[in-house]
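Asker: If you want the building blocks of each chain, they are given just below.
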Amino acid sequence: MNAPAYNFAYLDEQTKRMIRRAILKAIAIPGYQVPFASREMPMPYGWGTGGVQVTAAILGPRDVLKVIDQGSDDTTNAISIRKFFAKTAGVATTTSTDEATVIQTRHRIPEASLHQSQVLVYQVPIPEPLRFLEPRETETRRMHALAEYGLMHVKLYEDIARFGHIATAYAYPVKVNARYVMDPSPTPKFDNPKMDNCPALQLFGAGREKRIYAIPPYTQVVSLDFEDHPFEPYRFNAPCALCGAENSYLDEIVTDDKGSRMFVCSDTDYCEGRQAAGHHGALSAAPYKDKARGEANG
Amino acid sequence: MTTIAELPPGFVDKVLSAQSTFRSVMDAMARPGAVQRIVPMAGTPETMMRGTAAIALTLFDHDTPLWLDARMAESTDVLKWLKFHTGAPVIHDCSIVAFALISDGVLLPNLERFALGTNEYPDRSTTVILQVESLDSGQNFELRGPGIDGVATLQAAFKPFDLFEQLRFNETLFPRGIDVVLVADDAVVAIPRTTRVMSKGG
Amino acid sequence: MYVAVKGGERAIENAHRLLANARRGDQSVAEVSLDQISEQLGLAVDRVMSEGSLYDRELAALAIKQARGDLIEAIFLVRAFRATLPRFGASEPVDTGAMRVQRRVSSTFKDIPGGQILGPTFDYTHRLLDPSLAQGFVPEAPAVAEASTAPTPRVTDILGRDGLIESSPQAEDGASVGDLTREPLNFPADRDLRLQNLARGDEGFLLAMGYSTQRGYGRNHPFAGEIRFGEVEVEFAAEDVGFAVPLGSIELTECQMVNQFKGSATEAPCFTRGYGLAFGQSERKTMSMALVDRALRARELGEEALAPAQDEEFVLSHSDNVQATGFVEHLKLPHYVDFQSELGLLRKLRKEFAEASPDADAPDAMKEAAE
Chain A
2 MNAPAYNFAY LDEQTKRMIR RAILKAIAIP GYQVPFASRE MPMPYGWGTG
52 GVQVTAAILG PRDVLKVIDQ GSDDTTNAIS IRKFFAKTAG VATTTSTDEA
102 TVIQTRHRIP EASLHQSQVL VYQVPIPEPL RFLEPRETET RRMHALAEYG
152 LMHVKLYEDI ARFGHIATAY AYPVKVNARY VMDPSPTPKF DNPKMDNCPA
202 LQLFGAGREK RIYAIPPYTQ VVSLDFEDHP FEPYRFNAPC ALCGAENSYL
252 DEIVTDDKGS RMFVCSDTDY CEGRQAAGHH GALSAAPYKD KARGEANG
Chain B
23 MTTIAELPPG FVDKVLSAQS TFRSVMDAMA RPGAVQRIVP MAGTPETMMR
73 GTAAIALTLF DHDTPLWLDA RMAESTDVLK WLKFHTGAPV IHDCSIVAFA
123 LISDGVLLPN LERFALGTNE YPDRSTTVIL QVESLDSGQN FELRGPGIDG
173 VATLQAAFKP FDLFEQLRFN ETLFPRGIDV VLVADDAVVA IPRTTRVMSK
223 GG
Chain C
5 MYVAVKGGER AIENAHRLLA NARRGDQSVA EVSLDQISEQ LGLAVDRVMS
55 EGSLYDRELA ALAIKQARGD LIEAIFLVRA FRATLPRFGA SEPVDTGAMR
105 VQRRVSSTFK DIPGGQILGP TFDYTHRLLD PSLAQGFVPE APAVAEASTA
155 PTPRVTDILG RDGLIESSPQ AEDGASVGDL TREPLNFPAD RDLRLQNLAR
205 GDEGFLLAMG YSTQRGYGRN HPFAGEIRFG EVEVEFAAED VGFAVPLGSI
255 ELTECQMVNQ FKGSATEAPC FTRGYGLAFG QSERKTMSMA LVDRALRARE
305 LGEEALAPAQ DEEFVLSHSD NVQATGFVEH LKLPHYVDFQ SELGLLRKLR
355 KEFAEASPDA DAPDAMKEAA E
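For the record, the sequence lines run as chains A, B and C.
Using the working numbering, the letters of the first sequence map in sequence onto residues 2 to 299.
Using the working numbering, the letters of the second sequence map in sequence onto residues 23 to 224.
Using the working numbering, the letters of the third sequence map in sequence onto residues 5 to 375.
If you're looking for bench data, these hints aren't it; they were derived computationally from the structure.
We treat Cβ as the ideally placed atom computed from N, Cα and C, and that holds for glycine.
Honestly, I wouldn't trust all of these hints.
A partial selection of chain C residues facing chain A, derived with a Cβ cut-off under 10 Å [unchecked claim]:
1) E13
2) T88
3) P90
4) Q120
5) D177
6) A179
7) D183
8) F247
9) D324
10) A328
11) L335
12) L337
13) H339
14) Y340
15) V341
16) L347
Here are the simulated DSS-like cross-link-like pairs (lysine-lysine), alpha carbons at most 30 Å apart as the crow flies [claimed, not checked]:
17) K355(C) x K156(A)
18) K156(A) x K176(A)
19) K352(C) x K156(A)
20) K336(C) x K69(C)
21) K36(B) x K84(A)
22) K336(C) x K259(A)
23) K222(B) x K181(B)
24) K259(A) x K69(C)
25) K336(C) x K114(C)
Make a model of the complete structure from these sequences and hints.
Answerer: Pasting the structure below:
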């Protein structure tokens, strides 16, 4: 039988070269989606194959890798990807945002500020921000070529006409370096401002859709909006029940079948770090009771 | 005539040397103007600097057509070394190549003759790897653009003297354009198409 | 006191152990061997090799066993392994005209040179469950005859001699063959890449697409010109040796559909071709593929392209079952961060709705959203 033997960081060298060339082009053309010959990976499409290929192409023995999904190091897919690289590349892994040199993420940007010696690798399901307005690749490619983004503005404006504000909560489109409209991956729009002028290099990998794109460090990233309807990041208005943070993105945890719930940081490393530093939330005790509901039933 | 056995060697550890070299080039491209060092060393055929050889071994293969300046193209050592270690096809038409290797800046053709990409596929452009005299002495330059926190400074000595004037065409071409990687021995600086370079203090 | 969920690592390991047990099933029942899968579930192996893009019966059988008989999962396993293999180049085109034919039927002529050969087929079997197969069935020895030495030319070649069918496009000498596993697919795609995409495509998807053309969504009046199944030689032109080296033989199914073409201002009416090819015996797949291939040629032939099967981007972007299953099934992964953001938006919208229409019987926004 043809028994398998695998290379450092799984990918063969020819594949790494191809991905590396795509990464260089992506950095040189911020926000432009570079097509690349994505390989079948030993995890399913949709599970982060694009991010995994980008990470595999850049990772070296001196790197310290952090993997998060929904902001947490402990979600099953994050664990699975972290183990994959620990096994195939023998790299050190960490849950600390600050210690990591490469951070692969799905759906969140860490709360702690990133620094110059870091690379943030995003897993991207649908890299094309115009895809839901125009399903055809030939058309969206032309629109990017001409920087013809009217359709996107029309869509956002229709939201305003209908709802009074833009009704996009995540994967909120941005414009990179005043040229390309880009999908930030399905991060909550709360995270959008962190992409702007970020000291770390941001790389985006979409495996199934075969695209790599990038935001170089210190690059302008603007969330699309209108003068009379400026972009607003959404955050549930409560402190974290565990660490008391007032400025972090929160997960809503349903604590019983009566509608009780609590809100805690989605970034587990950030939350644990704050707790270790002596910060406490209202609830390390009683679950948060929904105020509006209480009044309504009142 | 050189036999394969007499060719300067490639990387000792192909996998890790390529990774390390790539990270230097990636950092260079992500932080224009900042000087990165290439650590892993390979043998170098005549006319090729250590950094250039490492980049070639890291990024070139059968899928990357190359263009060589006249001095390199005349060197059978260079041709054999590239063919043996990378397999990259050397092409005479510089308008369709993925990379151009320039051993000496006086031999650099007009940049518009390289592949500039299209508005639909701006990535289908030539990356020019240009060997220069120095990346830590010479004239002073100020750089602005993505990857740079405000202003970066670069001190460099190179030919052609009007390289950065020529590269201004990137501004109007964008997203098409030419990305340049400058190499001086083991030092590397990248000037991607988004970078604006000004001479400092005249 | 609330404690965040931890211990995913143990949960994963335990789930994998449980899977290994579920895969094995009742251990008092004999384990199925790779030979048994390869010999007795041969058509499953053929499908996994075709859509997995790797001709290796043993690995395909292993994949089927590992995947508990889930063929798309097995195809995925084979693909992931294939992706790590070095690529030396493309073989010489195989000559299906010289196929050692085991089965060959044409619906366009009653008799053809070399004859119609039914071979091992479900066609004309009565679909009655056969209890005698439940255990210990020993089939009657197959009927044998002297192998025919008569050539079996392709039916489309016979039509081609009279100019009734478009000539098969010939690639330029030395032209490289596209490979969508090495270069990302761009649109519009050339036919070599389209055919590669379809050959790797999901049988069920192609079946539905091909079927839709028969029902009028892009009708192209197909006839099964010929379906043949048998062995062909594979040769590889090695640069150093200077001639083609035989690598061995593989089993293939080939289908050539013959389709109507009304002609255009510059071309006389003639028959056109749709082409299907797959590893092993895969008739449904190759026939569907041929229908879809012909449908996708609409633009090239100056036909209106309005139906789904004629839409190149639509078909080629959704044919791959490894991609499709990954993205559909990834909805199982946690999405609570996005959901939270969406929940916040929905609450806001409902609150605004309630405020704007105080008379409406608007339920409390928070309550609805929470329950």
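Asker: So, for every hint listed, does it hold in this structure?
Answerer: Hint check:
Here the hint on E13(C) is kept, as its CB sits about 5 Å from the closest CB of chain A, short of 10 Å. For T88(C), the interface hint holds, the least distance from its beta-carbon to any beta-carbon of chain A being 6 Å, beneath 10 Å. The criterion of a C-beta within 10 Å of any C-beta in chain A is met by P90(C), whose closest approach is roughly 7 Å, and the hint holds. Evaluation of the Q120(C) hint against chain A yields a violated restraint, the C-beta minimum of about 38 Å exceeding 10 Å.
Checking D177(C) against chain A: minimum C-beta separation of about 26 Å lies over 10 Å; hint violated. Taking 10 Å as the C-beta cut-off, the interface hint given for A179(C) is violated, the closest approach to chain A being about 20 Å. Against a cut-off of 10 Å between C-beta atoms, the interface hint on D183(C) holds, since the closest Cβ of chain A lies about 9 Å away. The closest approach between the C-beta of F247(C) and any C-beta of chain A is roughly 26 Å, which is over the 10 Å cut-off, so the hint fails.
Using the Cβ-Cβ criterion of 10 Å, the hint placing D324(C) at the interface with chain A is satisfied: the shortest such distance is roughly 9 Å. At about 8 Å, the closest approach between the beta carbon of A328(C) and any beta carbon in chain A falls short of 10 Å, and the interface hint on this residue holds. Proximity of L335(C) to chain A holds as hinted, the smallest CB-CB distance being about 8 Å (cut-off 10 Å). For L337(C), the interface hint holds, since its Cβ comes within 10 Å of a Cβ in chain A; the closest pair sits about 6 Å apart.
A least Cβ separation of about 7 Å between H339(C) and chain A falls short of the 10 Å threshold, and the interface hint therefore holds. A hinted interface residue such as Y340(C) counts as satisfied when its beta carbon comes closer than 10 Å to some beta carbon of chain A; here the least separation is about 6 Å, so the hint holds. At its closest, the beta carbon of V341(C) sits 5 Å from a beta carbon of chain A; the interface hint therefore holds under the 10 Å criterion. For L347(C), the shortest C-beta to C-beta distance to chain A is roughly 7 Å, which falls under 10 Å, so the interface hint holds.
This hinted pair checks out: K355(C) and K156(A) have alpha carbons roughly 22 Å apart, not beyond 30 Å. With a CA separation close to 15 Å, the supplied pair K156(A) and K176(A) stays within the 30 Å bound. Annotation: proposed proximity of K352(C) to K156(A) holds, straight-line Cα distance about 19 Å (limit 30 Å). Among the hinted pairs, K336(C) with K69(C) is consistent with the structure: their alpha-carbon atoms are about 24 Å apart, no more than 30 Å.
Taken as a hint, the K36(B) and K84(A) pair is honoured in the structure, with Cα atoms around 24 Å apart against an allowance of 30 Å. A hinted pair counts as satisfied when its Cα atoms are at most 30 Å apart, and K336(C) with K259(A) qualifies at roughly 25 Å. At most 30 Å may separate the alpha-carbon atoms for a hinted pair to count; K222(B) and K181(B) meet this at roughly 17 Å. With a C-alpha separation of about 46 Å, the suggested pair K259(A) and K69(C) falls outside the 30 Å cut-off, and the hint is violated.
Straight-line distance between C-alpha atoms of K336(C) and K114(C) comes to about 53 Å, which puts the hinted pair past the 30 Å bound.
Hints 4, 5, 6, 8, 24 and 25 from the list above are not met by this structure, while the remaining hints are.
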